[in-house]
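Asks: Position chain H against the provided structure of chain F, taking the given hints into account.
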Amino acid sequence: MLRLLNIEYYKLKYNKASRVLIIIYFALLSLMSLFATIKFNIGPIKFHLAELGIFNFPYIWHFNTFVASLLKFFLLLVIVSMVANEYSNKTIKQNLIDGLSKKEFILSKFYCVIALSLISTFFVFVVSLILGFIYSSYTELTIVFSDLEFLIAFFVKLLGFFSFGLFLGMLIKRSAFAVAAMVVLFLIEIISYGIVCGINKGTELADRIYQFLPFKSLWNLIDEPGSRLSAVKEVAAQIGEDLSYDYSVRWYEIAIVLAWTALFIFLSYRLLKKRDL
Amino acid sequence: MAYKCYKLESILTINNLTKKFGYLTAVKDLSFTIKKGNVYGILGPNGSGKSTTLGVVLNVVNKTSGDFHWFDGKISTHDALKKVGAIIERPNFYPYMSGYQNLKLVCKIKGVNYSKIEEKLKIVGLLERKDSKFKTFSLGMKQRLAIASALLNDPEILILDEPTNGLDPQGIHQIREIIKQIAAKGTTILLASHLLDEVEKVCTHVVVLRKGKKLYSGRVDEMISSNGFFELKCNNQEALVTLLERHNSFSKIKVENDLVTAFLTEPMRSDDFNKYLFEKGIILTHLIQRKESLEEQFLQLTDNQTNQI
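Chains as they are written, first to last, in the working numbering: chain F, 1 to 277; chain H, 1 to 309.
I should point out that these hints are in silico values taken from the structure, not numbers from a laboratory.
Some clues are possibly wrong.
[Claimed, not checked] Taking lysine to any residue pairs in the SDA-like style, the calculated list, with each CA pair at most 25 Å apart, reads:
1) F/Lys-216 <-> F/Leu-263
2) F/Lys-273 <-> H/Lys-20
3) H/Lys-233 <-> H/Gly-218
4) H/Lys-133 <-> F/Ile-22
5) F/Lys-13 <-> H/Arg-129
6) H/Lys-108 <-> F/Ile-265
Since the structure is predicted, the reported quantities are computational estimates derived from the model, not experimental observations.
Pulled out of the complex, with its shape left as it was, chain F reads as follows (with noise of 0.2 Å):
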């Protein structure tokens, strides 16, 4: 394992587009950071971001790995070239003449996508742990350490992410195309879950199909922060609103993602052993 995760580190490190790509990702989140210096003044309404709570323990989980993983766009075309290059340079094939077996050339990029997914994880685990002593209200280790599972679901999005775009550069073989296509699937998917909310004049059934569907088990995974925040619950209360539910991360969501990724894994060795190079 740690010989084929060095050959694909290997081929990273001296690409330079990728090293480029991984860099601005790592930074962007860092700057996240940032976001505790906005500031508006609207006349006399101030408003400052990092007193809104957003930094407080044990939120800022959710809210930090919520934010970073919008940012997973960028890794996701290193991955993509990753695989696609390997078929635009034909290395591929040399690759395989060299002696790698075509199920140790799959896990090598599999085994890239997990250090990949894990080193975001750990960085976003340490960037929110810097913010939230700085920031947070609480910081008893009870509180702070409580809600970690937000991490879990963070690592398990980028994981299952990863995989499908290293399925479209296995299955396309165009970096450009296959970053096209991931767009197509998920308007597609995005269009008709509109479609059948509209049928249906209301989510609940459309949530029950579209669950299992990779874009949108992406998105459960992670439950959006902002109705959580204790501001935004108030202004709701007063127009008579209630925004509670669930953010919690639920197994099934976890296990419906692992299950896409076990299953674009697959399908790209299926793929990559039936195919003549």
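Replies: Same frame as chain F, but now just chain H:
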């Protein structure tokens, strides 16, 4: 050492291999064995299934039926490939890495010590350019890097697929010199090519393919089994042709302008032949005895097959 010849280890065995791409059969029922220490050539015109055959045994093309095994057949193909050095068609490397970095990656995949890199770069004469990016290399340099890469693991067999394709004369010469050097060290070589003179000088054995079918396999010198031919000119052409046609030693007489080509069915020395003609009153102005080159043999072989089909 002579007794060793009787038990040459086999390196690659192919049995009834068939590969179909849709309705097209690229390789049809192909069988041959490669023994250690020999230099093999796979000959065939473009599209005859050479690269497909190599692709199958190198694990990048899936076979339709038949089977093959490396060495004694006890190890998996991808493990066997770690003991094989191969380049297929164009050299494939990471363009953004330098020559040295690319070879280092191959070392990682094959599990070879990095100390080999400099040694092999020296053999192909790329030591000075080792830190240049692969994308800045000329085609000849890319091909030489590919050979260095194939040699990294000191392979039991070196597989070269059209190694001089697309190179300029200088590049072709460099590659051939390198191949000769390697062959001289006793490495088994399998060389696929449509250039016959390339194979003729290096190879001891040859497999001739056409449209995916094996036409001939065996020693190169046995393939050239004909007794050669005479090229003749004289002032009395008609008399010469009549005489030749009556003679039992000639199978075919070809007349082109004033040049008469007579193909032999049995060995005959040119001085005996000249004497015979002189006695019959024919005085030659031009006499050359030749053997067909492998190229002419090959064209004949493939042409015959076309006629039969």
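Asks: With reference to the structure, classify each hint as holding or not holding.
Replies: Verification of the supplied hints:
As the CA atoms of F/Lys-216 and F/Leu-263 are separated by approximately 16 Å, the hinted pair is consistent with the 25 Å bound. A C-alpha spacing of about 16 Å is found between F/Lys-273 and H/Lys-20, which places the hinted pair at or below 25 Å, so the restraint holds. Between H/Lys-233 and H/Gly-218 the alpha-carbon distance is near 36 Å, which puts this suggested pair outside the 25 Å criterion. Distance hint between H/Lys-133 and F/Ile-22 is fulfilled; the C-alpha atoms sit about 22 Å from each other, no more than 25 Å.
Distance restraint check for F/Lys-13 and H/Arg-129: the Cα-Cα separation of roughly 21 Å lies within the 25 Å cut-off, and the hinted pair is therefore satisfied. Of the supplied pair hints, the one linking H/Lys-108 and F/Ile-265 holds, its CA atoms being roughly 24 Å apart against a limit of 25 Å.
Of the hints listed earlier, the one the structure fails to meet is number 3.
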